[in-house]
Amino acid sequence: MHAPDGFLNAGTAIATGVVSVGTVGAALRQTSNHLKDRQVPLAGITAAFIFAAQMFNFPVAAGTTGHLLGAAMAAILLGPTVGALVVTIVIVVQALAFADGGLTALGYNVLNMAIIPAFGGYAVFRLVRRVLPRSASGVIGAAGIASLVSVVFAAMAFSIEWLFGATVPVPFDTVFGAMVGTHSLIGIGEAVIAALVVGSVLAARPDLVHGAQDLDRSELANREPIKVRVVAIAGVLVALFLATVVSQFAAGGPDGLEKVASDTGIIESEQDHALSNSLFAQYATEGVDNESLSLALAGVAGTLITLAVGFGAFYAVRDRSGQPNQDAARS
Amino acid sequence: MGVGHAHALYIHEHTPIHRMAPEAKLVAAFAFVAAVALTPREAVWAFAIYAVTIAVLIRTARVPARFVAVRLTTIAPFIVFALFIPFIASGEQVELLGVSVSRDGLWGTWNVVAKATIGATVSIVLAATTEIPEILRGMSVLRVPAPLTAIALFMVRYMELVAQELGRMRTAMIARGYDPRWLWQAKPIAAAAGATFVRSYERGERVHAAMLARGYAGAMPELNHRRANRSEWLMSASLPVLGITVALVALVVT
Numbered sequence: 001m002h003a004p005d006g007f008l009n010a011g012t013a014i015a016t017g018v019v020s021v022g023t024v025g026a027a028l029r030q031t032s033n034h035l036k037d038r039q040v041p042l043a044g045i046t047a048a049f050i051f052a053a054q055m056f057n058f059p060v061a062a063g064t065t066g067h068l069l070g071a072a073m074a075a076i077l078l079g080p081t082v083g084a085l086v087v088t089i090v091i092v093v094q095a096l097a098f099a100d101g102g103l104t105a106l107g108y109n110v111l112n113m114a115i116i117p118a119f120g121g122y123a124v125f126r127l128v129r130r131v132l133p134r135s136a137s138g139v140i141g142a143a144g145i146a147s148l149v150s151v152v153f154a155a156m157a158f159s160i161e162w163l164f165g166a167t168v169p170v171p172f173d174t175v176f177g178a179m180v181g182t183h184s185l186i187g188i189g190e191a192v193i194a195a196l197v198v199g200s201v202l203a204a205r206p207d208l209v210h211g212a213q214d215l216d217r218s219e220l221a222n223r224e225p226i227k228v229r230v231v232a233i234a235g236v237l238v239a240l241f242l243a244t245v246v247s248q249f250a251a252g253g254p255d256g257l258e259k260v261a262s263d264t265g266i267i268e269s270e271q272d273h274a275l276s277n278s279l280f281a282q283y284a285t286e287g288v289d290n291e292s293l294s295l296a297l298a299g300v301a302g303t304l305i306t307l308a309v310g311f312g313a314f315y316a317v318r319d320r321s322g323q324p325n326q327d328a329a330r331s
Numbered sequence: 001m002g003v004g005h006a007h008a009l010y011i012h013e014h015t016p017i018h019r020m021a022p023e024a025k026l027v028a029a030f031a032f033v034a035a036v037a038l039t040p041r042e043a044v045w046a047f048a049i050y051a052v053t054i055a056v057l058i059r060t061a062r063v064p065a066r067f068v069a070v071r072l073t074t075i076a077p078f079i080v081f082a083l084f085i086p087f088i089a090s091g092e093q094v095e096l097l098g099v100s101v102s103r104d105g106l107w108g109t110w111n112v113v114a115k116a117t118i119g120a121t122v123s124i125v126l127a128a129t130t131e132i133p134e135i136l137r138g139m140s141v142l143r144v145p146a147p148l149t150a151i152a153l154f155m156v157r158y159m160e161l162v163a164q165e166l167g168r169m170r171t172a173m174i175a176r177g178y179d180p181r182w183l184w185q186a187k188p189i190a191a192a193a194g195a196t197f198v199r200s201y202e203r204g205e206r207v208h209a210a211m212l213a214r215g216y217a218g219a220m221p222e223l224n225h226r227r228a229n230r231s232e233w234l235m236s237a238s239l240p241v242l243g244i245t246v247a248l249v250a251l252v253v254t
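Those sequence lines, one after another, are chains A and B.
In terms of our numbering, the first sequence is residues 1 to 331.
In terms of our numbering, the second sequence is residues 1 to 254.
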């Protein structure tokens, strides 16, 4: 996902850059009291942890491996604001010191890989926690679902930026279907790993999980260990739901998932079909339909993301202002 | 045995580019890449000039060409995507080697490949000639908020340590016959990551306590006060000035 220079046009790069700088500035102001002192080494070393976790591979299937993106996990462990800041710093250092991701692409890379998954993922986490039981298993399940959705959010955000800033006329539905389709699959790995990590932190130091501050410590001490199954079932359910939604989109549009299939290596068998005139003829005749569908998709996805990021920011503000009261009530 | 290396990209040399103040290098790299990104894709000659400029830059910095080529593989996934663009893009179709492809798509591929390669090469030269603490110092000279650079400094200081901790756990697992192939076997990896998070957090608490004991009051003392002087700014400006001139000419001509 570390997009290089020139992938989207200048306007999009600048617009996303402004949004990213603004959000990071607001996040810094909000955490300034904390960051001044205790949080700086803590945030720095947890940033090192996220960096290391991104290099650490886990098995996916048949011996292939994947790695964690970790923005939603960082938000759940550290709180959305500090989480977003930490992942932003990881991405900036990767661009400057590791040549990973373009310099002029920093605006959309930070937005897509840090800000949107951290705030959006945290919002999903809080919303899912309302549905799930108020227990450690609930927190773990919510962490898994939030991680999966956060990766899909990142893919959606990239597709929407593509709609505005594409340097090439690839139809939006193709990009949207391909991005969201593949990232729903990537998200399953992200979900399982993030949920298990949150679970193991919850078992060792429950006080370090920001998203579980409201849980009673004594309850956590003697819970029954059933979490892997809960995570697996929740993950599969959400993946199924997303798969249905995505396949709906793909059915309406020109077969986005097929493009992914051809991208991943079976191009020989696909090429004839993909290049046949009928496909492009379809584009021409259905141009209007496609365009309205594209806009509708972009609108829906954009609204979803905006809502989620808004909720995440809301929770970020409320968590902090609500903290003294909670502590007072507890002591 | 270590997993990553904090200075993986740095190449120890004594060249004018290595010696240049980091803030000047950062500004030059950003401005040059921005100029490249703004260059219209039809101006192929402009990209030729950029390529020659970068070749000179690589020579001056004494970065091995092989090293640059190996590091460029990080953009490979996007290049692969770009290669598929002509086949899936809409618009006017042209014949190429007997297959029908989109003319806009071909230009799009060229656009992404050229700009991404040039941008990544500039980033590689920047990283190869500047140590990470220097990059962060340059950022703070350029008024990046202090909490950000301070957090980044701690991250850089500890990331190798944390990565090695994870690597040791992985080695220990492999030594005990752990060879997972499927996602549902990944629990030990996640548990190791969780344990590392707790360790990192507790290390952060200890480091903070140690810093307080040594008189930390919210700001890190600055050890290196050197700032870019006029000649350094002038020298570093030659890169973006060339880039912006070429980009402007290209914009006017096409």
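Since the hints were made in silico from the structure, they are not lab data.
Check before you lean on any hint, since a few could be wrong.
[As the list claims (entries may be wrong)] Chain A side only, calculated, beta carbon under 10 Å to chain B, not exhaustive: (1) A10; (2) G22; (3) V24; (4) I45; (5) P59; (6) V90; (7) L163; (8) F164; (9) Q213; (10) L215.
[Unchecked claim] Chain B regions said to be covered by chain A (calculated; three or more residues, Cβ under 8 Å): (11) 16-23; (12) 26-34; (13) 51-57; (14) 68-78; (15) 185-197; (16) 227-241.
In this text, all values refer to a predicted model and were calculated from it rather than measured experimentally.
Where is the CB? At the ideal position from N, CA and C, for every residue including glycine.
Verification of the hints:
1. A10: The hint holds - A:A10 has a Cβ within 10 Å of chain B, the shortest such distance being about 5 Å.
2. G22: 13 Å, violated
3. V24: For A:V24, the interface hint holds, since the closest Cβ of chain B sits about 8 Å away, which is under 10 Å.
4. I45: 4 Å, holds
5. P59: Nearest chain B Cβ about 4 Å off; hint holds.
6. V90: Result: holds, 7 Å to nearest chain B Cβ.
7. L163: The hint is violated - A:L163 has no Cβ within 10 Å of chain B, the shortest such distance being about 14 Å.
8. F164: 15 Å, violated
9. Q213: 15 Å, violated
10. L215: 17 Å, violated
11. 16-23: violated (count 0)
12. 26-34: Held - the stretch 26-34 of chain B has 5 residues with a Cβ nearer than 8 Å to chain A, which meets the minimum of three.
13. 51-57: violated (count 0)
14. 68-78: It holds, with 4 qualifying residues against the three required.
15. 185-197: holds (count 11)
16. 227-241: violated (count 0)
Consistency with the previously given hints fails for numbers 2, 7, 8, 9, 10, 11, 13, 16, ordered from lowest to highest.
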